[in-house]
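Mind docking chain G on chain U? Use the hints.
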Amino acid sequence: KNQVEQSPQSLIILEGKNCTLQCNYTVSPFSNLRWYKQDTGRGPVSLTIMTFSENTKSNGRYTATLDADTKQSSLHITASQLSDSASYICVVSSNDYKLSFGAGTTVTVRA
Amino acid sequence: NAGVTQTPKFQVLKTGQSMTLQCAQDMNHEYMSWYRQDPGMGLRLIHYSVGAGITDQGEVPNGYNVSRSTTEDFPLRLLSAAPSQTSVYFCASSPSGGAFGEQFFGPGTRLTVL
Chain U
19 KNQVEQSPQS LIILEGKNCT LQCNYTVSPF SNLRWYKQDT GRGPVSLTIM
69 TFSENTKSNG RYTATLDADT KQSSLHITAS QLSDSASYIC VVSSNDYKLS
119 FGAGTTVTVR A
Chain G
7 NAGVTQTPKF QVLKTGQSMT LQCAQDMNHE YMSWYRQDPG MGLRLIHYSV
57 GAGITDQGEV PNGYNVSRST TEDFPLRLLS AAPSQTSVYF CASSPSGGAF
107 GEQFFGPGTR LTVL
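Chains as they are written, first to last, in our numbering: chain U, 19 to 129; chain G, 7 to 120.
It should be emphasised that the hints constitute simulated quantities derived from the structure, not laboratory data.
Lysine to aspartate or glutamate pairs mimicking DMTMM-like chemistry, simulated, CA-CA at most 25 Å apart:
no. : chain 1 : residue 1 : chain 2 : residue 2
1   : U       : K19       : G       : E65
2   : U       : K89       : U       : E23
3   : G       : K15       : G       : E36
4   : U       : K19       : G       : D62
5   : U       : K116      : G       : D44
6   : U       : K89       : U       : E72
7   : U       : K116      : G       : E108
8   : U       : K116      : U       : E72
9   : U       : K116      : G       : E78
10  : U       : K116      : U       : E23
11  : U       : K19       : G       : D44
12  : U       : K116      : G       : E36
13  : G       : K15       : U       : D57
14  : G       : K20       : G       : D44
15  : U       : K116      : G       : D62
16  : G       : K15       : U       : D102
17  : U       : K75       : U       : E33
18  : U       : K75       : G       : E108
19  : U       : K89       : G       : E108
20  : G       : K15       : G       : E65
21  : U       : K116      : G       : D79
22  : U       : K116      : U       : D87
A short, non-exhaustive set of chain G residues, derived as facing chain U with CB atoms under 10 Å:
no. : residue
23  : V10
24  : Q12
25  : F96
26  : F110
27  : R116
We put the CB at the ideal spot given by N, CA and C, even for glycine.
Just chain U, same shape as in the assembly (with noise of 0.2 Å):
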């Protein structure tokens, strides 16, 4: 069965500080990964996606790395804010449409 999971379940940073979540996955055959956002009482939005050949792709803080050899992914959150308080999903593609959902990190960024 195919399974995608995430760590930590939950962390707390300081306003500031950077911070990595992991996502590890054992769905086959890989497509596609991408990590969404999603703010409290809202619905997911992506931020980004890579597929096998890509190993790094950044969207302004947030730097997502592939390892697919390893089934590996990390979510790297740079100089962290307020407004990156929300919980992040990964979600991994198989070439037979199918989507596998992480249950997700909830990041508390504190002043």
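For chain G alone, coordinates are given in the frame of chain U:
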């Protein structure tokens, strides 16, 4: 563009009642889907549609029906509500199939079944 809209935002039902969650998109996307989100779990696919007149079951379809008479609208019907259907429901659309297209999500409907 309004994107993906969902109504209502909140709903409380009694066990056995039926209702329809509305979803509409104005982006002319072919692919639409319904998910439920429960604490500690990833989003789970209920039903999806690859175009008007075509629907199919997802991972957790029991107790739900859908129809797709137009490209824009994709309502989700709860036939006889049960407490296990208490959840947050998200509708999403995509310009192409789920494997390759970015999912655009609506704001969600929080449903409580007593």
